[in-house]
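Colleague: Since the structure of chain B is already known, use the hints to place chain X on it.
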Amino acid sequence: MTDVTRRAAITGIGATLGAAAFAKAMEPIQKFTADLSLDQFLQQHYRELTPDEIEKVLRRIEEETLRDRGARVSVADDRPIPGVQFGYALNLSVCNGCRKCAEACHQENNHDRPSNQSYIRVFEMAQGSLDFEHANTTYDHAVPAPGKYYMPVQCLQCDDAPCVAVCPVEATWKEEDGIVVIDYDWCIGCRYCEAACPYHARRFNWTKPEIEASEINPDQGYLSNRVRPQGVVEKCHFCLHRTRRGKLPACAEACPTGARVFGNLLDPESPIRWVLDNKRVFVLKEELGTRPRFFYFFD
Amino acid sequence: MAAQSPSLPIQDEDSHLVTYPRFLWECVKISFDGGPLFYAWMTALTAIALVGANAWANQMAEGMVLTNMTDHVSWGLYIANFTFGVGLAAGAVMMVIPAYLYDDREMHDVVIVGELLAISAIIVSLAFVIVDMGRPDRLWHMIPGIGRFHWPISMLTWDVIVLNGYLLLNLHITGYMVYSRFIGKPLNRRWYIPFVFLSVVWAISIHTVTAFLYTGLGSRPFWNDAIIAPRFIASAFVTGPAFLIVALRLIRRIANLSIPDGAIDTLTSILRVTVWINLFLLTSEVFTQFYTGGTHAAAARYLYLGIEGKTALVPWIWTAIGLNLAAAILLVTPASRERRQGVLLACVLTFAGVWIEKGMGMIVPAFVPSTMHELVEYVPSLTEWKLTAGIWAVGIGIFTVSVKISAHVLTGRSGLGKRKEF
Chain B
9 MTDVTRRAAI
19 TGIGATLGAA
29 AFAKAMEPIQ
39 KFTADLSLDQ
49 FLQQHYRELT
59 PDEIEKVLRR
69 IEEETLRDRG
79 ARVSVADDRP
89 IPGVQFGYAL
99 NLSVCNGCRK
109 CAEACHQENN
119 HDRPSNQSYI
129 RVFEMAQGSL
139 DFEHANTTYD
149 HAVPAPGKYY
159 MPVQCLQCDD
169 APCVAVCPVE
179 ATWKEEDGIV
189 VIDYDWCIGC
199 RYCEAACPYH
209 ARRFNWTKPE
219 IEASEINPDQ
229 GYLSNRVRPQ
239 GVVEKCHFCL
249 HRTRRGKLPA
259 CAEACPTGAR
269 VFGNLLDPES
279 PIRWVLDNKR
289 VFVLKEELGT
299 RPRFFYFFD
Chain X
178 MAAQSPSLPI
188 QDEDSHLVTY
198 PRFLWECVKI
208 SFDGGPLFYA
218 WMTALTAIAL
228 VGANAWANQM
238 AEGMVLTNMT
248 DHVSWGLYIA
258 NFTFGVGLAA
268 GAVMMVIPAY
278 LYDDREMHDV
288 VIVGELLAIS
298 AIIVSLAFVI
308 VDMGRPDRLW
318 HMIPGIGRFH
328 WPISMLTWDV
338 IVLNGYLLLN
348 LHITGYMVYS
358 RFIGKPLNRR
368 WYIPFVFLSV
378 VWAISIHTVT
388 AFLYTGLGSR
398 PFWNDAIIAP
408 RFIASAFVTG
418 PAFLIVALRL
428 IRRIANLSIP
438 DGAIDTLTSI
448 LRVTVWINLF
458 LLTSEVFTQF
468 YTGGTHAAAA
478 RYLYLGIEGK
488 TALVPWIWTA
498 IGLNLAAAIL
508 LVTPASRERR
518 QGVLLACVLT
528 FAGVWIEKGM
538 GMIVPAFVPS
548 TMHELVEYVP
558 SLTEWKLTAG
568 IWAVGIGIFT
578 VSVKISAHVL
588 TGRSGLGKRK
598 EF
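Chains as they are written, first to last, in this note's numbering: chain B, 9 to 307; chain X, 178 to 599.
This is chain B alone, in the form it adopts within the complex (with noise of 0.2 Å):
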């Protein structure tokens, strides 16, 4: 053999043992690609799909959840109703720190079970401050507890939302009735918007979410609480598929307490108008200028 030859030889030996490692190296990730269909992979953005489309999303969902996960479920596509905008006001005198409102979230919205996944975390807080750097969110024991007040913070549906500001893809946007929504098909799971969110509101999925058949929420919404995909940011949306229907939000259902408020903002007989009116309300970090639609206020 020539040395041309011979040196030809090793490095086509070299290249294709280095393919071979290449390939071997990453076999894992057919658990990921196994999973995913074509036809998701090629599923446009939420607003472009037609009509005829959404049908196709919502029954091939529903297909894939009674496939994966043993459970039947049903996905609809509730659009807001002209003539609603929802808000949402919650009073801190009343709120007791029950957590009942974070557990009933983590029912309705078929969150991941490990992780123990809510929408919304409760602060417990310092009497005589507002300043979350005296707050806590892992107490763990009676409450209300002395000296201290509660403050449960979920997305705010900002009116000038930093998190859809951010999004490269406009994977999440504000509805017409005020509510920030995410396409879970769409997100590429970049996380800018989890920076971007002065409030905490955003999740992302680590993981694929956990959640036995037997305790999966089967009245589910394509933009609310459809079990989430691996790897995209999620958030509170008001329960839409709730609310649209003319139904409170889990939490709000949920609170013993009588803390919370939710309705329509334009409607001038609503409790939320009459809290608007009536107590002095105020937002969170109101100096960024993010015009929250969730309101606090103090009796």
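Think of the hints as simulated: they come from the structure by calculation, not from any bench.
Don't take every hint at face value.
Here are the simulated BS3-like pairs of lysine-lysine, each with C-alpha atoms no more than 27 Å apart in a straight line [said to hold, decoys possible]:
{"#": "1", "chain 1": "X", "residue 1": "206", "chain 2": "B", "residue 2": "32"}
{"#": "2", "chain 1": "B", "residue 1": "287", "chain 2": "B", "residue 2": "156"}
{"#": "3", "chain 1": "B", "residue 1": "156", "chain 2": "X", "residue 2": "487"}
{"#": "4", "chain 1": "B", "residue 1": "255", "chain 2": "B", "residue 2": "287"}
{"#": "5", "chain 1": "X", "residue 1": "563", "chain 2": "B", "residue 2": "32"}
{"#": "6", "chain 1": "B", "residue 1": "182", "chain 2": "B", "residue 2": "293"}
{"#": "7", "chain 1": "B", "residue 1": "216", "chain 2": "B", "residue 2": "32"}
{"#": "8", "chain 1": "X", "residue 1": "206", "chain 2": "B", "residue 2": "293"}
{"#": "9", "chain 1": "X", "residue 1": "563", "chain 2": "B", "residue 2": "216"}
{"#": "10", "chain 1": "B", "residue 1": "293", "chain 2": "B", "residue 2": "156"}
{"#": "11", "chain 1": "B", "residue 1": "64", "chain 2": "B", "residue 2": "39"}
{"#": "12", "chain 1": "X", "residue 1": "563", "chain 2": "X", "residue 2": "487"}
{"#": "13", "chain 1": "B", "residue 1": "287", "chain 2": "B", "residue 2": "39"}
{"#": "14", "chain 1": "B", "residue 1": "156", "chain 2": "B", "residue 2": "108"}
{"#": "15", "chain 1": "B", "residue 1": "39", "chain 2": "B", "residue 2": "108"}
{"#": "16", "chain 1": "B", "residue 1": "216", "chain 2": "B", "residue 2": "108"}
{"#": "17", "chain 1": "B", "residue 1": "64", "chain 2": "B", "residue 2": "156"}
{"#": "18", "chain 1": "B", "residue 1": "39", "chain 2": "X", "residue 2": "563"}
Modeller: What follows is chain X alone, placed relative to chain B:
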């Protein structure tokens, strides 16, 4: 120009269809051909890259849970390296500016090394963004026309434009130079000079836009600060020259490419100033944070001193400051500044120092305490370290191979027309 054409082997423009594939094939051959040292080096880099590829495949399968990031610290080592990589790419312009704006002939001869560094560093940065994504299979959602590109509102879309633009600019400039030399055609200034000048402005833009990604967020007081873009540029002009001084010395020893002393001296002069500017900007930042105090300065307190016994970043940042200060002093101390080893040591120290300072020291504190003042710390996981090593191995491999190809062609060892002058 036209008067010279009879001496050229290639005259017909259409023949690029023949010569360009031959050029690419030659590039492949050079990439796989070399001495024992080259093979050992590339095998080691490939092995590290494979470890990274395997870590990424596992991360895709199991989810980002394999990183130590959380909803509190939602960006970590990947975005830290992304930021640093963009700076390194921008810093390479410190060869282009002397070569073209100041007509430094000696720098001009080796300026291609800087441009190749820019290409490699941009590829590294883009790779770090991709591995940070939860759904890289949806990357196409960003492509204008097919996906929904949220331009001009999202700063991330600006970054996509400037980074890819910078990559293309440098690929064009270096590719045109090397290919022209390969076919033995003289360079047509119109085909590269405008692009070179554009690349100078563009280099500044990539790091400015990357800074704006962070500074535009009102939610993160640590980032919401006008000094970060200037700091990024200053530290880019530290890491670029530092890397290039070491690289040029290695190339001179290993590759058969003559590196003029003047080029290295110019880079050293630049570095001698930029390390101090970088430290000055850091001092300005630290003063403003600590003298004012309050909740706004909580992240800086966490970074430099630790809060409530949580001190994960304290050793990192003080190491960075120590390294940068040592390099800065080395570079101005008469005893060491004239010695080659002294300068080389300073380069290595400050490169590591800036890597920490604008990586972990810049990204992580913005999340600790989190926006609602919760203290959740972050230390990178093994998966994150493996992926980080893998991506840098790929980048260094690209740099090695591209320098090798350029050296081969520019010194006339490969090519169709064996013209000597260039």
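Colleague: If a hint holds in the structure, say so; if it does not, say that too.
Modeller: Hints and how they fare:
1. 206/X / 32/B: Holds, at roughly 25 Å.
2. 287/B / 156/B: 22 Å, holds
3. 156/B / 487/X: 25 Å, holds
4. 255/B / 287/B: 24 Å, holds
5. 563/X / 32/B: Holds. Residue 563/X to residue 32/B sits at ~16 Å (cutoff 27 Å).
6. 182/B / 293/B: Holds - the C-alpha atoms of residue 293/B and residue 182/B are around 20 Å apart, at most 27 Å.
7. 216/B / 32/B: 24 Å, holds
8. 206/X / 293/B: Between residue 206/X and residue 293/B the Cα gap is close to 61 Å, so the pair fails against 27 Å, i.e. violated.
9. 563/X / 216/B: 22 Å, holds
10. 293/B / 156/B: 21 Å, holds
11. 64/B / 39/B: Holds: residue 64/B and residue 39/B sit about 25 Å apart, inside 27 Å.
12. 563/X / 487/X: 26 Å, holds
13. 287/B / 39/B: With Cα atoms ~54 Å apart, residue 287/B and residue 39/B exceed 27 Å; violated.
14. 156/B / 108/B: 18 Å, holds
15. 39/B / 108/B: 37 Å, violated
16. 216/B / 108/B: Distance of about 25 Å is within 27 Å: holds.
17. 64/B / 156/B: 51 Å, violated
18. 39/B / 563/X: Holds. Residue 39/B to residue 563/X sits at ~20 Å (cutoff 27 Å).
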